[in-house]
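K.L.:
Okay, here's what each chain looks like letter by letter:
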Amino acid sequence: MTAQEIVDILKQRFPAAVADAAVEGLHPCVAVTPEAWHDVALFLRDDPRVAMNMLRCISGVDLHPEAEIDLFYELIAMRAPGGTARQEPRPPPSADIWQNGGTIAIRVRLPRDNPHVRSVADVWPTADWHEREAFDLLGVTFDGHPDPRRILCPDDWIGHPLRKDYEFPKEYDSIPAAAAGAASSE
Amino acid sequence: MSDTDIHSQREAPPGTAPAAARELRTEEMLVNMGPQHPSTHGVLRLMLRTDGELILEAIPHIGYLHRCAEKIGENVTPVQFVPMTDRLDYLTGMNNNHGFSLAVEKLCGLEVPERGHYIRVIMCELNRIASHLVSFGCYGMDIGAFTPFLYGFREREYILDLFEATCGARLTYNYLTIGGASLDLPEGFVERLAWFLDYFEPKIDEYNNLLSFNYIFIKRTANVGVISAADALAYGLTGPCLRGSGVKWDLRRCVPYEIYDRFEFDIPVGVPGGNAGIPPEVVVGDSWSRYYVRMLEMKQSVRILRQCLKQLAGGEFRAKVPRTLKLPAGEVYLEVEGVRGQLGFLVVGENKPIPRRVKIRGPSFCNLCIVPHVCRQVLLADVPAIVGSIDVVMGEVDR
Numbered sequence: 001m002t003a004q005e006i007v008d009i010l011k012q013r014f015p016a017a018v019a020d021a022a023v024e025g026l027h028p029c030v031a032v033t034p035e036a037w038h039d040v041a042l043f044l045r046d047d048p049r050v051a052m053n054m055l056r057c058i059s060g061v062d063l064h065p066e067a068e069i070d071l072f073y074e075l076i077a078m079r080a081p082g083g084t085a086r087q088e089p090r091p092p093p094s095a096d097i098w099q100n101g102g103t104i105a106i107r108v109r110l111p112r113d114n115p116h117v118r119s120v121a122d123v124w125p126t127a128d129w130h131e132r133e134a135f136d137l138l139g140v141t142f143d144g145h146p147d148p149r150r151i152l153c154p155d156d157w158i159g160h161p162l163r164k165d166y167e168f169p170k171e172y173d174s175i176p177a178a179a180a181g182a183a184s185s186e
Numbered sequence: 001m002s003d004t005d006i007h008s009q010r011e012a013p014p015g016t017a018p019a020a021a022r023e024l025r026t027e028e029m030l031v032n033m034g035p036q037h038p039s040t041h042g043v044l045r046l047m048l049r050t051d052g053e054l055i056l057e058a059i060p061h062i063g064y065l066h067r068c069a070e071k072i073g074e075n076v077t078p079v080q081f082v083p084m085t086d087r088l089d090y091l092t093g094m095n096n097n098h099g100f101s102l103a104v105e106k107l108c109g110l111e112v113p114e115r116g117h118y119i120r121v122i123m124c125e126l127n128r129i130a131s132h133l134v135s136f137g138c139y140g141m142d143i144g145a146f147t148p149f150l151y152g153f154r155e156r157e158y159i160l161d162l163f164e165a166t167c168g169a170r171l172t173y174n175y176l177t178i179g180g181a182s183l184d185l186p187e188g189f190v191e192r193l194a195w196f197l198d199y200f201e202p203k204i205d206e207y208n209n210l211l212s213f214n215y216i217f218i219k220r221t222a223n224v225g226v227i228s229a230a231d232a233l234a235y236g237l238t239g240p241c242l243r244g245s246g247v248k249w250d251l252r253r254c255v256p257y258e259i260y261d262r263f264e265f266d267i268p269v270g271v272p273g274g275n276a277g278i279p280p281e282v283v284v285g286d287s288w289s290r291y292y293v294r295m296l297e298m299k300q301s302v303r304i305l306r307q308c309l310k311q312l313a314g315g316e317f318r319a320k321v322p323r324t325l326k327l328p329a330g331e332v333y334l335e336v337e338g339v340r341g342q343l344g345f346l347v348v349g350e351n352k353p354i355p356r357r358v359k360i361r362g363p364s365f366c367n368l369c370i371v372p373h374v375c376r377q378v379l380l381a382d383v384p385a386i387v388g389s390i391d392v393v394m395g396e397v398d399r
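These protein sequences, in sequence, are chains A and B. Residue 11 in our numbering sits at position 11 of the first sequence; the count goes up by one each step and never skips. Residue 92 in our numbering sits at position 92 of the second sequence; the count goes up by one each step and never skips.
Everything labelled a hint here was simulated from the structure, so no lab data went into it. All figures in this text were calculated on a predicted structure; none of them were measured in a lab. All C-beta atoms, glycine included, are put in the ideal place defined by N, C-alpha and C. Hints are supplied without guarantee of correctness; some may be wrong.
Said to hold, decoys possible - Listed next, with one range per pair, are the computed distances between beta-carbon atoms:
| # | chain 1 | residue 1 | chain 2 | residue 2 | range |
| --- | --- | --- | --- | --- | --- |
| 1 | A | Y172 | B | H373 | 57 to 63 Å |
| 2 | B | D266 | A | D155 | 41 to 47 Å |
| 3 | A | Q99 | B | K203 | 33 to 39 Å |
| 4 | A | W157 | B | H373 | 23 to 29 Å |
| 5 | B | K219 | A | R13 | 47 to 53 Å |
| 6 | B | P353 | A | G144 | 37 to 43 Å |
| 7 | B | P353 | A | A19 | 30 to 36 Å |
| 8 | A | H116 | B | L30 | 30 to 36 Å |
| 9 | A | W157 | B | L160 | 32 to 38 Å |
| 10 | B | E316 | A | D96 | 37 to 43 Å |
| 11 | B | G144 | A | P169 | 39 to 45 Å |
With the hints as extra help, turn the sequences into a complete structure.
P.N.:
What follows is the structure in C-alpha cells.
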C-alpha cells in the first residue's frame, strides 16, 4: 500500500483532523491534529486495510524560533504471509517471508509552550519508552501515559536538553561542568 | 502470596511440620540488580521486586551512559558526527556508520560508487559476525559457561585484525562515511578475508556442539522468557529478537537498501522444538530461539561475504562529496538492519551544513522495553538468561 492510498483512507475517515499530506518526497508524511491523534492511531492499527502494527520511532523536533514542536511517529505495516498484520501470527511461518505493507509518518504539531498530546502507549506498548524520552529531552507531556517519568536524564535534572534554547548547566549535583556554556547553541 | 505458592508445593521432609513452615512470615524484597552487574552487559539497573525466588516485577532504570548524542548531532556536521555513531552500539561501529551515512546520502541525493557499496556490505557483515561472537560468548558466560567466551573472542580477533588493517581502529572505526568509505581496502584484504571465511565457517558448528546443544544450556534457556510474535510486534522488537519469535522479517530482504538485493541468503527464525535438530524443549520465542537465530545469522553473513568477494568491483570507493555539505531543507527517516535490530536515523536539514535534528532509533532501546513485560513471574535465575538473550548494548540504549 502506498503512502497516497493510506492518506486517502485517512482523509475519508477523518476529514477534519487530517491535512497537509506530503507523500511525494523523501519522507512520506501526513499531519494530524493533536486532539484527534489517539483516534487516528487506533484506526491506523485496527483498520484491516492499513493495519500499522509497528510503531518504529517517535522523534520530536524543536522548531525554535518558531513556537512549535513537531512529533514524527514512524509507522510500518508488517504483513504476515497470506494474511493481514492484525491476524494472530500462526506458529511456524515456515518458508514465507513477511511483507512490507506500507509505511507512513504521522506529524503532530504542538505549541512550544505547554505541548500536550494524548499518549498512544495503550495502542502500541512500545510508545511507552519513546514518549518518556520525548518528555525527558523535549518537554512534551503525554496525557494518560502510564509512567510519566524521565528516562535518560536523572529525575532531578532541570530543563529539556533537546530544546533549542536549552541552557547548558554550569554544574550538576555540585559537580562542575568542565566546559560550561562552551557548546551552547546560539 | 497464598497457600498455592511455590514453597507449599514442595514435599516436606519427614520430621518437619509443613503447616508451621507455612506460617513463617514472608515479605517482598527489592533487589537492585546492577548497574554494576556482570550479566547486565554494561550499566543496566533492574529493580526486582521479589517474593523468594520469584520475580513479581522488574523495572529497568537506564540512562547511566547518556551523552545526548542527538544534541551533539545538532552541533556538528554529518561528517563530524560519523565518529559519534561508533559510540552508540560500540560493538557494531561499521553498521552505525553505514546507517547514518545512508540517511545523509538520501537527504542530499548522493550516489555511492559501485566499489563503495561492496566495501560497505563487507564491513557490515563482518561486523555482524564480530558482534554475534561477543553476544554468543557473553551469553554463555551469563548462563555460567566460561569457555565459549574465549572461543568467541579468539575468532573475533581475526575480524578486528582485518578492521585494523583497513582503517587503523579496532572498535570505533569512522570508516564508512558519507559518500562511501574513507579509505580503499588494503592490499591483501581479499585473500585474508577469503582465508578467514574458510577458517571460520566450520567453527560455527563447533560452537553449536559446545554451547547451543549443551544439555545444561538448553535447560537454562529453552522455554524461558517466551515472547509471542504479537507481543514482539507490539513492543517494537526487531532483529534477532523479533525473528526468534518466528517473524520472518529482515530489512535487508523486506525493505531492501544498499545492494542487498544482489545477494542470496536466508532469514533464520525461531522454530518449535523437535524440528530439524532443534531440541524438543524449545518453544518459539524463548531465549534459546533468540540466541540460536544469531548463530544461524553468522552462517548467512558468511554466505553474503563469499558472494561479495566474487562480485567485488574495482574503481572508486568514495563519491566526490563537497567539503561543506549543505543539507537541504526537509527530513528523512531511514532504517537499516543493524546487528541488534532496526537502526533508524531521522535527519532534519535546513539549508545549512549542520542539521536541525538527528534522531537515533536504537534497536537495543526498543528491544529492552519488553523486559518488564517478560520478567514477570519468572525465577530470579532466569533474569540474566532473558536479558542476555535480548542482547542489549547500553551505549545504544542510553545514547
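K.L.:
Determine for every hint whether it applies to the structure shown.
P.N.:
Checked hints:
1. A/Y172 x B/H373: 57 to 63 Å: violated (32 Å)
2. B/D266 x A/D155: 41 to 47 Å: holds (46 Å)
3. A/Q99 x B/K203: 33 to 39 Å: holds (35 Å)
4. A/W157 x B/H373: 23 to 29 Å: holds (27 Å)
5. B/K219 x A/R13: 47 to 53 Å: holds (51 Å)
6. B/P353 x A/G144: 37 to 43 Å: holds (40 Å)
7. B/P353 x A/A19: 30 to 36 Å: Distance hint for B/P353, A/A19 holds at roughly 32 Å.
8. A/H116 x B/L30: 30 to 36 Å: holds (34 Å)
9. A/W157 x B/L160: 32 to 38 Å: Given a distance of about 37 Å, which is inside 32 to 38 Å, the answer is holds.
10. B/E316 x A/D96: 37 to 43 Å: holds (39 Å)
11. B/G144 x A/P169: 39 to 45 Å: holds (43 Å)
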